[in-house]
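Undergrad: Below are the chains, spelled out letter by letter.
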Amino acid sequence: KNQVEQSPQSLIILEGKNCTLQCNYTVSPFSNLRWYKQDTGRGPVSLTIMTFSENTKSNGRYTATLDADTKQSSLHITASQLSDSASYICVVTSNYGGSQGNLIFGKGTKLSVKP
Amino acid sequence: SQTIHQWPATLVQPVGSPLSLECTVEGTSNPNLYWYRQAAGRGLQLLFYSVGIGQISSEVPQNLSASRPQDRQFILSSKKLLLSDSGFYLCAWSVPGRRDQPQHFGDGTRLSIL
Chain A
29 KNQVEQSPQS LIILEGKNCT LQCNYTVSPF SNLRWYKQDT GRGPVSLTIM
79 TFSENTKSNG RYTATLDADT KQSSLHITAS QLSDSASYIC VVTSNYGGSQ
129 GNLIFGKGTK LSVKP
Chain B
278 SQTIHQWPAT LVQPVGSPLS LECTVEGTSN PNLYWYRQAA GRGLQLLFYS
328 VGIGQISSEV PQNLSASRPQ DRQFILSSKK LLLSDSGFYL CAWSVPGRRD
378 QPQHFGDGTR LSIL
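As you go down the protein sequences, you meet chains A and B in turn.
Its first residue numbered 29, the first sequence is counted upward by one per residue in my numbering.
Its first residue numbered 278, the second sequence is counted upward by one per residue in my numbering.
Quick caveat, the hints were computed from the structure, so don't treat them as lab data.
Virtual Cβ for every residue (Gly too), placed ideally from N, Cα, C.
Check each hint, because a few of them may be wrong.
[Unchecked claim] With the C-beta cut set under 10 Å, the calculated list includes, among others, these residues of chain A facing chain B:
1. GLN34
2. LEU39
3. LEU75
4. LEU110
5. SER113
[To be verified] Lysine to any residue pairs mimicking SDA-like chemistry, simulated, CA-CA at most 25 Å apart:
6. A:LYS138 x B:ARG375
7. A:LYS138 x B:GLN347
8. A:LYS135 x B:ALA317
9. A:LYS135 x B:GLN322
10. A:LYS138 x B:GLY320
11. A:LYS135 x B:ARG349
12. A:LYS99 x A:GLY69
13. A:LYS29 x B:SER389
14. A:LYS138 x B:PHE365
All chains, full assembly: derive it from the sequences and hints.
TA: Here you go:
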């Protein structure tokens, strides 16, 4: 069964600190892995997309890694800011499901950055 | 640039009443369009997607329906709402055939059924 598991479920850190969010998946055949940031009451916004051959991708203070062998990904946030408080959603696309593929969503990690 | 609009932002409806949520996309042609529902503590659930005018695919059985009367307009409807229809509804668009491109989401409609 295709699944995406994220950990931790929630996380509280102090402003300026770094943190790492985890995503494990059992999706096959794999197409790509995406990280989204969702502010409270808003729609998700794409941070990164990685294909099988990519093992790291950065977007400002956000760095995503992918280990396709172990089917694990992480999202590292450097020097956190209050505006980083949000839910972070891992999404894995399989090669089934037509031209768009089949997207499997994780439940997200809720990050709170405190001053 | 492309933008996506959803309205209303919040909606409170009694059980058994009808529903119509609208989503429009600007700045792109022939997008793939999607309706998702996000329940508290759960991942996004795909409800409907459309690859063109009048072409709707349903992912889960339910009392909701979707229509695409124009290229960049996507509507989510119900004739009679249930308590279980409460949730956060998100519309999204993507470039057809491009799995390497992200989906772009609207800001959602918070639907509460009383």
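Undergrad: For each hint, tell me whether it holds in the structure or not.
TA: Do the hints match the structure? See the list:
1. Look at GLN34 (chain A): its Cβ gets to within about 9 Å of chain B, closer than 10 Å, so that hint holds up.
2. Taken as an interface hint, LEU39 (chain A) does not check out: its beta carbon lies about 15 Å from the nearest beta carbon of chain B, beyond 10 Å.
3. Satisfaction of the interface hint for LEU75 (chain A) is found here, the shortest Cβ-Cβ separation to chain B being roughly 9 Å, below the 10 Å cut-off.
4. Interface hint status for LEU110 (chain A): violated, as the beta-carbon distance to the closest one in chain B is roughly 20 Å, over 10 Å.
5. Taking 10 Å as the C-beta cut-off, the interface hint given for SER113 (chain A) is violated, the closest approach to chain B being about 17 Å.
6. Between LYS138 (chain A) and ARG375 (chain B) the alpha-carbon distance is near 29 Å, which puts this suggested pair outside the 25 Å criterion.
7. Proposed proximity of LYS138 (chain A) and GLN347 (chain B) is contradicted: the alpha carbons are some 37 Å apart, above 25 Å.
8. Restraint check for LYS135 (chain A) and ALA317 (chain B): the C-alpha separation of about 9 Å stays at or below 25 Å, so the hint holds.
9. Under the criterion of a C-alpha separation no larger than 25 Å, the hint pairing LYS135 (chain A) with GLN322 (chain B) is consistent with the structure, at around 10 Å.
10. For the given pair, LYS138 (chain A) sits about 12 Å from GLY320 (chain B) by alpha-carbon distance, which is consistent with the 25 Å threshold.
11. The straight-line distance between the Cα atoms of LYS135 (chain A) and ARG349 (chain B) is roughly 29 Å, outside the 25 Å bound, and the hint therefore fails.
12. A distance of roughly 30 Å separates the Cα atoms of LYS99 (chain A) and GLY69 (chain A); the hinted pair therefore is violated under the 25 Å criterion.
13. At roughly 32 Å between alpha-carbon atoms, LYS29 (chain A) and SER389 (chain B) are farther apart than 25 Å, so this suggested pair is violated.
14. A C-alpha spacing of about 17 Å is found between LYS138 (chain A) and PHE365 (chain B), which places the hinted pair at or below 25 Å, so the restraint holds.
Violation of the numbered hints given earlier is confined to hints 2, 4, 5, 6, 7, 11, 12 and 13; the remaining hints are satisfied by the structure.
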